[in-house]
Each structure stands twice: as structure tokens, then as C-alpha cells.
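Asks: If you read the protein sequences in the order shown, they are chains A, B and C.
Our numbering applies: residue 2 is where the first sequence begins, and numbers increase by one.
Our numbering applies: residue 2 is where the second sequence begins, and numbers increase by one.
Our numbering applies: residue -3 is where the third sequence begins, and numbers increase by one.
These aren't lab readings, by the way, just hints derived from the structure by calculation.
Wrong hints could be hidden among the right ones.
[What the hints assert, rightly or not] Just a few of them, taken from the derived set where beta-carbon distance is under 10 Å, the chain B residues facing chain A:
| # | residue |
| --- | --- |
| 1 | Y148 |
| 2 | K281 |
| 3 | M308 |
| 4 | P331 |
| 5 | I361 |
| 6 | L365 |
Note that beta-carbon positions come from the ideal geometry of N, C-alpha and C, so glycine has one too.
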Amino acid sequence: MIEAGDPWQLLMFPEAASSISSRVDHLFWAMVVTCGLVVLLVFVLLLVFSIRYRRGSRADRTPSARLNSNHWLEIGWSVPVLVGFLVFFAWGAVLYLDLYDPPAPADGNVREINVIAKQWMWKFQHPEGVREINDLHLAVGQTVRLRMTSQDVIHSFFVPAFRIKQDVLPRTYTELQFTPTKVGRFHLFCAEYCGLQHSGMTGEVVVMSPPALQGWLDRQGQTRTPEQDGARLFRSYGCSGCHAPDSSVHAPNLAGLYGKPVPLANGTTVRADAQYIRDSILLPSKQVAAGYPAIMPSFQGQISEADVLKLTAYIQSLTEQETDPP
Amino acid sequence: MSALSRTDAAEPASYLNAGYGLKSWLLTLDHKRIAWLYFISITGFFFLGGAAATLIRLELLTPAGDLLSDNAYNQMFSLHGIVMVWFFLIPSIPTTMGNFLLPLMLGARDMAFPRLNLLSWYVFILGGLFTLTAVVAGGIDTGWTFYTPYSTMFSNGAVLAAATGVFIVGFSSILTGINFIVTTHKMRAPGLTWFRLPLFVWAQYATSVIMVLATPVLSVTLVLLGIERAFGIGIFDPALGGDPVLFEHLFWFYSHPAVYIMLLPAMGVVSECIACFAHKRIFGYKVMAFSILAIALFGFLVWGHHMFVSGQSIYAGVAFSLLSFLVSVPSALKIFNWIATLYKGQIRFDAPMLFALSFIGLFLIGGLTGIFVATLALDVQMHDTYFVVAHFHYVMVGGMVSAYMAGLHFWWPKITGRLYPEMWARVSAIIVFVGFNLTFFPQYILGWAGMPRRYHAYADEFQLLNVFSSAGAGLLAVGYLLPLLYLIWSLRYGARASANPWDARGLEWTVSSPPPVHNFARVPRVEHEAYAYDQPQ
Amino acid sequence: MTSRSNRTTVIIAHQFESADQQLDADLLGMWLFLVTELLLFSGAFLAFSVYYHQYSEAFSAAAGELHWLLAGFNTALLLTSGLTVALAEQAAVENNRRATLGLLALTIALGLAFLALKGYEYHSEYRAGLIPFLDQPFAFDGPDPIHAMLFYNFYFTLTGLHALHMIIGLSAMGVILVSGYRWRDRHRVARQVRIAGLYWAFVDIVWVLVYTSLYLVGR
Ligand code: HEA
Ligand code: HEA
Ligand code: CUA
Ligand SMILES: [Cu+2]
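Go ahead and model the full structure; you've got the sequences and the hints to work with.
Replies: The following block contains the structure:
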């Protein structure tokens, strides 16, 4: 938490406030102890040899056949090192895969938040439509998934207390999923150098109890959700002219598209995720759906990143409606 | 050599008094004089980079960004990184001690291509001038990594001039690398087989291989960056579907091997010093030679460990992590073998040995924390924080610069024919060791607690450790300024050195100090392995 | 110094023991240099193939606009010049002054012809509005013009880089031609022609790579 007391405690044992933090910390301390022992061993050997075999000392120096080269000894200290390394590698890799390819939470309930980074601020939009800048309010215990993109250069979303970090790239979506486990206020930093005010691109993640978050959301006033906005934009940008079910243009029906595999004209198949939808809108000729003419115009330069995210949310909602009809 | 036409009787003929005019230095083809040209230029760059570091540390005394503006701070760490990496550390040991010693250690009269050798110094200076122009003309604020699209589309600094400077200095590296490889292959004295070469030569050789294989990739990457910025020929531009992550791949494909350019020469120097001051053969000579090659070659396979959170495929991340662990095994082997060399030795603690021992200790800590950041889940926390800053200063400054100092003191009598004041040198070694740890150890803790790097202003709770770090930097500055003074002093007032003041082994110690112009009157014939400390020289 | 004593026959730089050692060193040096040059191009080719993989349709369509026949003719010119320079080397070894100089001049002429044709090609691309930078109007009318731009960026970068290397090689041969005109030291000329020829072979090989990957693949 930001307003904690003892600086040493704060620095050596930084706040651990997400479901993954303490697992990372265990690995960290295991490595500190192991490597600390190695350092100790090396320093003790250096010291002992330095004293014992200083020039002029009376230590025993009878030469032996193995004094200058001894492969068994070399193997003897390489193999434990290798084994130690492999243990740490595997431990770190398993945790990493858990972090970046996380299982869906048990209750299936994930709160999706859109993040747009730009020089030098963070813009968030909640699923309820509430927007905030630099601060992000979350509920304790609720799994969050961020869908992030940048309007300009590369930034990086970093919350030390959660032990998470992910670069935020222009024209590409990156995602990050985590579960806060502690109520409090935590630093949010931009970790990738992004120009003049890189060090000012900071904020706070405010973790509250779920009712408190609800109250906070309510207090932000009435807003439209990204899906509702998206539906409106879908009409105003003219998408519905081709994609509406009753349209005369031969264009794919977007209901049920999200998350499904899409066969492409070039014979390959891709999964219709957010990145695919984004590319379909801005760079339609990159991947043309099989069986359709490549007539969709590019909207590059006409639709902002924020609106693309809203359109995506809308298209995504079409799928959810289809799978569980109201 | 009997002609004493221009030398006074007190001074024996040597490469130093073979000519006095400026021209005799600036147009020299003698590898020993070219080494001096480099000595002087990289010392200048080191103190320039050090001055930038001083400003960085002063700014970071307080959490608020008060001393420097944000723009000035960004320019400071970019300048610091660019100058220290390309204009000091990469050329450091190879172009000075490498240039001076390689022909001597091989029993050759000069490098294979003396003209190319001089040319590469001029190319180096040209690159330096471009980079200095960048500093004057608006500064450079991209960090030493030049990440796109910031560097191509957004920065207002003199990116082109700086990138051109780095591009040009790359050719200097390439030419030096080619020269060293050819010299090692073709110029060895009779009897000097590969496994009789000193480890210093092995290290120079492996370093040159990396220079030759990796630098061109950096060159082309900078070309692509340059034409994108200058003419809008977008290659990485996301607006054309270009991929900024591709730039990162290309950059690190060079820059990870480059960190071994900054390490292997150090390992060579330290091997020479340990053997000499323990007065004993290096333990496991062949394994030491092969592990140098292994580090050089496997070093090409791990670049992706700088990009664990960049959005590259997470499975690629897993592979790069595994390879990073594997590439560390030979380094571990070397540390243990150096220690085994001390066993039953006759150890003396002259200044070069003190620097060499601090290399072992500091490189060990730096290397082990390299293992921390190679561990995927930990790097997620540590990437782009001060933990990484501490890691690389431990290996680069604690490691390479310590080894540079070790080598400088070790061969100073050979290079100049003078002894430096031993007591001051020991004092400086100790100050550097203490100052270094005080500067950079706190940064590990800062990084673990989450302080991001390249931050001009930071959160209040990080102040305490930053104050330690800045204080340490002051001590470090003293430790580095001292040698500057007493080494210059010794040029005039130092006692004269004999041909072999340390009772070391190796061909370079068989010629007079300083060596004659053509090194060897007669080409030597080598009958022993390196480090024959059980035989008299 | 050994070099002075036998100056009349072969000039050996002072650091070498024998002419063989010197030639060996020169050749190894040149080979290493060529390796670095190849790596230089391979960085750009790597980037190209990554994008080709992603945008193969757009890249193929864009490649279709290039003058592949003209460039094919150019390829033939360049390969011929590779032959002439090899013959020049042979002639130099045989101490045939006229043939050496003549073949060198022919090589240079072929190289210049290549560059002239290449310039014509650039010009016609300029006229067709296929230059996506320097604020030129970009008039490509195939599908996916954005990624076609990316293709043309690579096209101009790679061919430009290659042309730059041609100019370096041609200048080197020009220098040899002028300095070898007096035929003072035939060993020296032979060594120089051999090294220049090695470089020229490299320029040829890179062109073949450029030609196949930019003009032919995806046609
Ligand atoms: C001289 C330069 C140098 C050297 C030698 C190294 C050596 C190593 N480095 Fe380092 N590194 C840098 C310079 C260097 N590095 C720089 C400049 C950066 C940052 C660039 C930037 O972003 O600006 C960096 C960043 C960096 C990163 C990216 C961090 C990040 O940005 O997130 C990683 C990740 O894997 C890494 C790993 C390693 C590893 C595994 C080694 C290994 O080679 C270390 C091997 C040595 C040992 C491991 C010690 C000996 C081992 C033992 C005695 C055995 C102990 C036994 C057990 C523990 C069982 N380095
Ligand atoms: C390669 C070699 C190298 C060397 C030798 C050093 C040496 C030092 N470095 Fe450097 N450093 C890097 C390479 C190096 N560094 C790189 C690559 C980066 C990353 C840059 C980036 O992010 O892009 C970096 C970044 C970096 C940072 C992080 C900045 C940030 O992220 O915001 C810091 C902060 O403390 C720092 C400190 C120091 C210090 C105190 C020294 C000391 O060891 C320096 C000691 C020397 C002196 C102190 C000189 C003494 C002389 C004088 C004091 C005379 C001065 C004269 C006048 C003032 C007129 N360095
Ligand atoms: Cu945004 Cu740094
Ligand atoms: Cu690395």
C-alpha cells in the first residue's frame, strides 16, 4: 500500500496484493537463498585460499597429478549448477505460463476492462461504461482482464504489488489477467520508456470491496456501456449497411463470430479474437473471410482506438446473446 | 637494434621514442601506438559517460525531478548508455590491450592489416564525432535501445546523428574483429599451437567472432531505422502494418551477443592476472578455452530474454529462458576454475590481482542476478526496473571495468616502461570495490520493490536507497579519478620497469619494456604451453 | 627488414614472413568481410520474410507491378560481369596485361549498364506512382495498398543497398584499373583483382537473392 510506514519492510518485502504475488515471492526468496549460499561459498573459498596460499606462507603445496586439470572435478561442479538452473527455469516457466495463459476463474466471472495508453496517460473503460484516467478502481477477489492498446508508442502496464507487467503496443492488443487479493491503493507505473514524461505516466490501482466498487460506479453517473456505444457506432459508421442480416451486400453475419474459428480466403483459419476484429476493421484486406468478396473498405484513420474497442465489445456481445438467449 | 641515432642514452630504443611529432602518432601503423590512440579516446569517452552518470545520480537524490528537466534527464541516460556501451566498453579491452598485446603474445611483428587497424581508429573517431554532434544538436532521448516507433516517429532529439554515429562505430568494431581473427589465424609464431595460446588470445578471438557476426545486424537495423526516420520509408511503422517488436528482435539479436563482447575480454584478462599472481597454471586450461567459445556461440541464441513481457509468443519466452540458463553454465565453470587455480598457489595481492578478485566477486553477483531475470516469472516483475540496471552494472562495471583496470595495471609497466605507485593503486582498487557495491547493491532492492528505470522523478518510498546509491557513485568517482592521476604521474616520475616485473610467463614479457618498434628482433619459437609457471621464463 | 631485400620481385609488408602468408591473410580477411556483408543483408531479408509471411497476398500483388523481365536481363548482365572478372583474374595470374585490363574495363562497363537499367527501372516506378515515401503520391491500385507500401519500402531499400555495394565494387575496380595500368608489380595486381573479384561475386550473389525474393517469389 502506498501509505505504509517502515521503509525497509516496504522495500524488502513489497506489498503482495494479487493471487500470483506470493507465488512469485516464494520463487524469489528460494533463489535469493540458493544464490546467497553460492556467493557465500565462493567468497569463503576466495578468502580461505587467499590467506592460506598467500605468497610466503608455509602451506602444503606438494604438486599432484590433478593440480592443473581434473575433469571429474569440473563435471562435479557443473552438474549441480545445471540441475539447480533447470529447477529454477521450470519453476519460473510454470508460473509465467499461469500468468500469461491463465485458466478461467472458477466462477467464470471475468471483468473486462479496456485500456488505452497514450503519451503520457492511461485511459480505462469499465464494462459498465465508466471511464477513468490514470486511476483504476477494482473489486477485491474479482478477476480482471485488461485489453490494452496504445495510440502512439510502446508503453508498459506495471503494478509492482501485483507482480505483473505487460507491454502495451500500438495497433496490437495485449491482454493481462489477474485477481487483486487485498484492499488498498497500489502504484501503477509505465515501465517502458515512452518519451518526455515517461516517469509521470503513473497512477493508482484502487482495490475496494465489491459493494464499495458498486457504489463508486453508481456515483460516476449514468453512462452507456461499450456495447451500447458500439451498437450506435455500428450504425453511424455504416457497418450495418453491409453487415445487417437484411442487407443486400454479400457480407458475413457478425453474430456468433467472436471466439470462433474463421476460414480465410487463402485457405488458413484464424480465431476471431479482438485482434482479428480490429484488423478486419482497419486493415480488412489483410485477412479476407473465405467466400466473400474483398470489398470491405479500410477504416484506418477514421475510427479511433477507443471506438474500435467499442465496436469490438458490441460484436462480442452479439456472440454472448447468441449463446445464452435472453 | 643498435642504431641509437635519435635516442638519448638513458632511454633504450622503443616504440615510444621512435618518433615524436604528432604525425608520427596520427599516421602510425604500429599496433602499439594505435593502442595508445584508442586509450586516449576511450578514456575521454569514459569520463564523458561518467559525467552523465554523475548528473543522473545527483538528480536521483530526491524523488522530485528538480535538478534536471525531464528532457535533460532523458538525454542524460541516453547519452550515458550510448557512450558507455559503444564508445567505451565495447572497444575498451580489445582495442587497447588487445591491439597492444595480440601481436606480442603471438610472436608477430604487427597485426595482419596495420593500415586497416589505423583506419578503424579513424572510423571510431568519426562515429564519435557524429554522436557528439547529436549531443550538441538537440540531444538524443531514446535510451541506448532506440526502440521504435518512439525513435522514428515521436522523438524530437537528434536520433539520426546518434544512430549514424553508432552505425559508423560498428564498422570500426567489424574491422577490428576481422583484423584480430586473421592475425590469430595467420600470424602465430612457429610452435605456437592453438592450445598453447594464452587465454587472453582465446578471449580476443571469440570476441572478434561475435563482433564480426553480430555487428552487421545492428548496422542494417540502424539503416532501416534511419531511412524510416529520415525519408519515411517505413519498415517498422505500425501504420503500414510494420511491427515494432521486430525491431526489438533485431536490436537484441545484436545487443545480447554484444554483452559478451563486453565480458569475454574481461575473462581473458582475469585469467592472465590470476595465473600470474597465483604463480600457477590456469586450472583446466582447455575447458577454459572451450567455455569462452561456448559462451560466444550460444550467446547468439538467447536475445529474446530481453522481451519476456514485450508481447512476443510466451512459448518463445520459455525457450529463450531455458537457453539463457544453459549459456550460464560455462560462466559458472570459469568461476570455479579460477578459484581452483588459487588452490596451492603462491598468491600475491598487487593491484591487478585486487581488481581481478573484485571482478570475480562482482561478476558472480551480476551473473547470478542475470539468472534471476532469466527466470520468466521473476523477470515479469523485474523487467525495466532498477533490478535490471543493477544486474548490468554489476557485470559491465563490476565485471568488465574492473577487469579493464586489472589489465591496465598489469600491463602498464610493459606498455609505458614505468611502474605505477602500488600503494595508490591498491587504495583505488579498494575504493572502487566499496563504492561500487554501495552504488549498485541498493538498486537491486529498489528494482525488486518496483522502481522503474529511466524515471526522472520517483515515488517517495524509494528515496532512502537512492541516497545510498548516489553517495556510492561519489565514492566511485574518486576511485576512478585516482588512477587517472597516478597513472599520468607515473609516465614521468614512475620508476623504470624491467622486462618482466611480475615474473609472469608469456611472449610479451620476453621483450623489453616498452617493446621495440618491431616487437621481436628474431621471430620467437615457442616450446611451452601457456602459463608454464613451473619453468623459469 | 625482409621486405626491402626482395622488393624487386614481391613486395611483402613488414609484418609478414612470406608472400603466401600475406595472400592467405588477405583472402581470409576478405572472406570474413564478405560474411559481415552477407549478414548485413540477411538482417533486411529476415525482416522482409517475416512480413512476407504475414502479408503474402499484398506482397505478391505489389511484386507483380515490378519489371521482372527487365530485371531478369539485368541479372544476366551481372552474371556475365562475374564471368569477366573471373577471367581478368586468370589473365592477371598469367601476366597478360592487355587481357587483364580489358576484361576489367568490360566488367566495369557491364556494371555501369546494370546501374543505368536499374535507374531506368526506378524512373518508371516513379512515373507509375509506386514510390510510397518522400511525399510522393502513391498510386498502387491493387488490393491492400497499405501493405503494398511496406513491400515497396523493402524493394527500394534492398535494391538501393545493393546498388550502393555495386558502386563500391565498381570504384574499387576503377582504382585497380588505373593503378595497374603501368603493370609495375603483377603479383600485386593479381592479388587485388582476386580480392575485388571475390567482392564482385558477393555482389552477384546478393543480387540473385534480391531478384528471386522481390521479383519472382509470389509471381
Ligand atoms: C557484460 C554484460 C552482461 C553480461 C555478461 C550479462 C550476463 C547475463 N545476463 Fe544480462 N544484461 C546486460 C548485460 C550483461 N548480461 C545488459 C546491458 C542488460 C540490459 C539491457 C537494457 O535493457 O538496457 C541485460 C539484461 C538482461 C536480461 C533482461 C532483463 C530485462 O530487461 O528484463 C536478462 C534476462 O534473462 C539477462 C540475463 C543474463 C544472463 C542469464 C547472463 C549470464 O551470462 C550470466 C552467467 C553467469 C553466472 C550465472 C554466474 C556464475 C554462476 C555460478 C557460480 C553458478 C551458481 C549456481 C547455482 C545458482 C546453482 N540480462
Ligand atoms: C557500459 C558501461 C557503463 C558504465 C561504465 C556505467 C557506469 C555508471 N552508471 Fe550506467 N548505464 C549503462 C552503462 C554503463 N554505466 C547503460 C547501458 C545504461 C542504460 C541506459 C538506458 O537506459 O538507455 C545505464 C544506466 C544507468 C542508470 C539508470 C538511469 C535510468 O534508468 O534512469 C544509472 C543510475 O544510477 C547509472 C549509473 C551509473 C554510475 C553511477 C556509473 C559509474 O560507474 C560511473 C563512474 C564514473 C564516474 C563517476 C566518472 C568520474 C569522473 C567524473 C565525476 C568527472 C566528471 C566531470 C565533470 C562533471 C565535469 N547508469
Ligand atoms: Cu508510457 Cu512510459
Ligand atoms: Cu541479454
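Asks: For every hint, state whether the structure bears it out.
Replies: Results of checking the hints against the structure:
no.	hint	in the structure
1	Y148	6 Å, holds
2	K281	8 Å, holds
3	M308	8 Å, holds
4	P331	9 Å, holds
5	I361	7 Å, holds
6	L365	6 Å, holds
Going down the numbered hints, you'll see the structure goes against none, and every one checks out.
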